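Participant: In case you want the letters, here they are:
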Amino acid sequence: MKRIALAIGIAVLLSGPAFAGDPAAVDWSKVPTKNIKLFWPGQSTYQWLRSPAHKRADLQTKEGQACVACHKGEEEEMGNKLIGGHDLEPMPIEGKNGVIDLKFQVAYDKQDAYFRFQWKTLNDYAGTAHPYYRFDGKEWKAYGYPKLDEVVQDGEQPGIYEDRMSMMIDDGSVPMYETQGCWLTCHDGERDSPNLPETADIKANALFAHLKKKDVRKYLPSTRTDENASWDMGKTPEEIAKIKAAGGFLDLMQWRGHRSNPVGMSDDFYVLEYRNSDAGKNPFGSNSNKETHTPKYMFDEKVFGKKSVTEADIRKMETTLIREKNAVPFDPNAGWKEGDMIPKYIVSREDSKGSAKDNDRSKGVWKDGVWTVVWARKLGLTNPDDKALKEGGVYSFGFATHDDNITTRGHHVSFPMTIGFGAKADIEATKLN
Amino acid sequence: MDIFDLLFKYRKAVNIALGVIAVLFVSWIFAYEPVTRNFVAQDAVCNYCHLPWEFNSDERLTATKPHLAHPDDKTSQATCVDCHLPEGWWNTTYAYTHFLSVTDLFGHMRDRDSERAGDWIPPRAATAYRVRDRMFENDSNTCRTCHVEAEIKFTRERGVNAHKLAIKEKKTCIECHNNLVHRPVDVRANAFKKASPSDG
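Heads up: the sequence lines are chains A and B, in that order.
Numbers 1 to 433, taken from this note's numbering, label the letters of the first sequence in order.
Numbers 1 to 200, taken from this note's numbering, label the letters of the second sequence in order.
Bound-form chain A, shown alone (with noise of 0.2 Å):
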């Protein structure tokens, strides 16, 4: 009798709560809800909100007075502003909201920090399409696009692109991160942003040739020498490298409809100097075979059912392309007709690795018109690319998400808010027994 109640005893031990490390297991019903107006920020870049434009506020903007100490309670009111056409949106999208409700929980054990999103869409489907290669009956060439690009606005390509749900996390290390947050790492020169500069000159700086990037993404403003933070006046590769060392980045995370639901993950990447990836490797990489200009893999049809998919298929059914699940390299013989379409990403949970794996437990479920999404982030990482989150600790928080097949600064944020595990906070997180 002894030796049955020990190991009960012990099976107990280790097994641990029911919803040990699975965020869909969590009892979300215990834990409070924060709700959270995400509203459109158009072009309200750090430069524009340090420039007399930000009437009455560009001088305490640059002394680092926070967004909210006057616009709080005024995000519906922005959002629906911005929205419709403003000196700060000169793409207005029509029919596009300018705000978006969501609900906020966040819980936390021993081991992880444990988050549930809920956001009612724009449209009446899930955004689980993504741009994909279209074969015109003799090449395949990208077909779809956000919406804020021309081809878009212009009507020659439809509007395609995944929904996403991001958090952007700090712990006190980046200077003005917890009163103004992502404006911080929004400026001019940005993709979709004011005074966008020609590929050449992006290429020819050298902070740029030395990351081998093509265009301007997220940055910080302690990564540049001049005091407008200019895209182009970064400092050198050493200079930023003491400053993630000292932990002056932010931690970047997505879930994405199409590139990492579909395995259960979200990816992980951090701002600095640019908006990088964590050290090793996603969950989703290019499907382009750069030497045929063909795509790298297709459907496996024995297990998907066919080799491709077409215009019909895309938000009736999930169309990403997983490595392991439902992929075989690419036939260019395998008797391809005009309309056939194959995702241009690849997607796979097996090949991600290192600091970019972390984020390998989200995910979201779409159901009448709302998004759900549970995501588990492990405490206490200790990669150099992550904000580690620990029991005790508060850190500042923005949110963000791309609804609506769009990409870039066409997303709807927040404010910053902090989030305390086990301490004092704008929203304290429930710690679970």
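Quick caveat, the hints were computed from the structure, so don't treat them as lab data.
Just so we're clear, the structure is a prediction, and the values are computed from it rather than from any experiment.
Some clues are possibly wrong.
Claimed, not checked - Below, in silico cross-link-like pairs of lysine to any residue (SDA-like), each with a Cα-Cα straight-line distance of 25 Å or less:
1. A:Lys235 <-> A:Gly64
2. A:Lys72 <-> B:Glu169
3. B:Lys171 <-> B:Ala126
4. A:Lys55 <-> B:Phe192
5. A:Lys55 <-> B:His182
6. A:Lys62 <-> B:Ala195
7. B:Lys168 <-> A:Asp58
8. A:Lys424 <-> A:Asp109
9. A:Lys62 <-> B:Val20
10. A:Lys55 <-> A:Glu89
11. A:Lys72 <-> A:Arg50
12. A:Lys424 <-> A:Ala69
13. A:Lys55 <-> B:Ala128
14. A:Lys55 <-> B:Leu165
15. A:Lys37 <-> A:Ala69
16. B:Lys170 <-> A:Thr179
17. A:Lys81 <-> B:His163
18. A:Lys306 <-> A:Tyr143
19. B:Lys171 <-> A:Thr179
20. A:Lys337 <-> A:Lys378
21. A:Lys37 <-> B:Gly159
22. A:Lys62 <-> B:Ala125
23. B:Lys194 <-> A:Ala57
24. B:Lys171 <-> B:Val160
25. B:Lys164 <-> A:Lys214
26. B:Lys193 <-> B:Arg144
27. B:Lys168 <-> A:Met233
28. A:Lys214 <-> A:Met233
29. B:Lys164 <-> A:Thr179
Claimed, not checked - The following residues of chain B were derived to be distant from chain A, with all beta-carbon distances above 12 Å:
30. Met1
31. Val20
32. Cys80
33. Trp90
34. Ala162
35. Glu169
36. Val185
Idealized CB from N, CA, C, for every residue including glycine.
Mind docking chain B on chain A? Use the hints.
Facilitator: Here is chain B on its own, set in the frame of chain A:
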């Protein structure tokens, strides 16, 4: 018949005339300030010399644009004299005496456009700096001549939030409300810093 005999002969008429003059004089004393402010020193008169492009017409809170807080009430608009002519009978004379800078006027006649577009800009910027410093030191007393903090009716949430914070941090109007009226002049670095013994 000398002048005194004449005055005596027509003393009734003289008394009436003196009475009229006295009444006119007293009236003029009382009417001087309101007439100057409301009828003489109108924006159009000021702008005859102070050229319109010295003003930021997008922002100007005068006759060109309704006051932000009272879009339907045209009588509440600020005019040039509301800020530039201090209250008081004697101060009102400034409306007439400031033409001592008439030499500028000759400058305009000689080379009206380029003078304003070029050489005048640095001095005007210096003026802006000087006036802002003065307003900062004097708790924006010019603004407070008309605007009473407790009576401000906010039209947007940001106004409520910003003023609450400004009161808490003991900020004064000019620290936020600059470049509202005249040609925009960037706020210079280290503006609105209170002097400290440690500065020396």
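Participant: Holds or violated: are the alpha carbons of A:Lys55 and B:Phe192 at most 25 Å from each other?
Facilitator: The given pair, whose Cα atoms are some 17 Å apart, holds under the 25 Å limit.
Participant: Holds or violated: are the alpha carbons of A:Lys214 and A:Met233 at most 25 Å from each other?
Facilitator: Roughly 15 Å separates the two Cα atoms, so the pair holds.
Participant: If we take the beta carbon of B:Trp90, is the closest beta carbon in chain A still more than 12 Å away?
Facilitator: 35 Å, holds
Participant: Hey, is B:Val185 genuinely clear of chain A, shortest beta carbon separation above 12 Å?
Facilitator: Its Cβ does come within 12 Å of chain A, the nearest being 10 Å, so this is violated.
Participant: Straight-line Cα separation of B:Lys168 and A:Asp58 no greater than 25 Å?
Facilitator: 19 Å, holds
Participant: When you check the alpha-carbon spacing of A:Lys55 and B:His182, does it fall within 25 Å?
Facilitator: 15 Å, holds
Participant: Are the Cα atoms of A:Lys37 and A:Ala69 separated by 25 Å or less?
Facilitator: At roughly 16 Å apart (the allowed maximum being 25 Å), A:Ala69 and A:Lys37 satisfy the hint.
Participant: Beyond 12 Å from every chain A Cβ: check whether that's true for B:Cys80.
Facilitator: 22 Å, holds
Participant: Holds or violated: A:Lys62 with B:Ala195, Cα cutoff 25 Å?
Facilitator: With Cα atoms ~20 Å apart, A:Lys62 and B:Ala195 stay inside 25 Å; holds.
Participant: Given the hint that B:Lys171 pairs with B:Ala126, does the C-alpha gap stay at or below 25 Å?
Facilitator: Holds, because 23 Å separates the two Cα atoms, which is no more than 25 Å.
Participant: Please work out if A:Lys62 and B:Ala125 have their alpha carbons no farther apart than 25 Å.
Facilitator: Holds: A:Lys62 and B:Ala125 sit about 21 Å apart, inside 25 Å.
Participant: Checking one constraint from the list: CA of B:Lys193 to CA of B:Arg144, max 25 Å. Satisfied?
Facilitator: 20 Å, holds
Checked against the numbered hints above, the structure breaks hints 9, 20, 25, 27, 34, 35, 36 and satisfies the rest.
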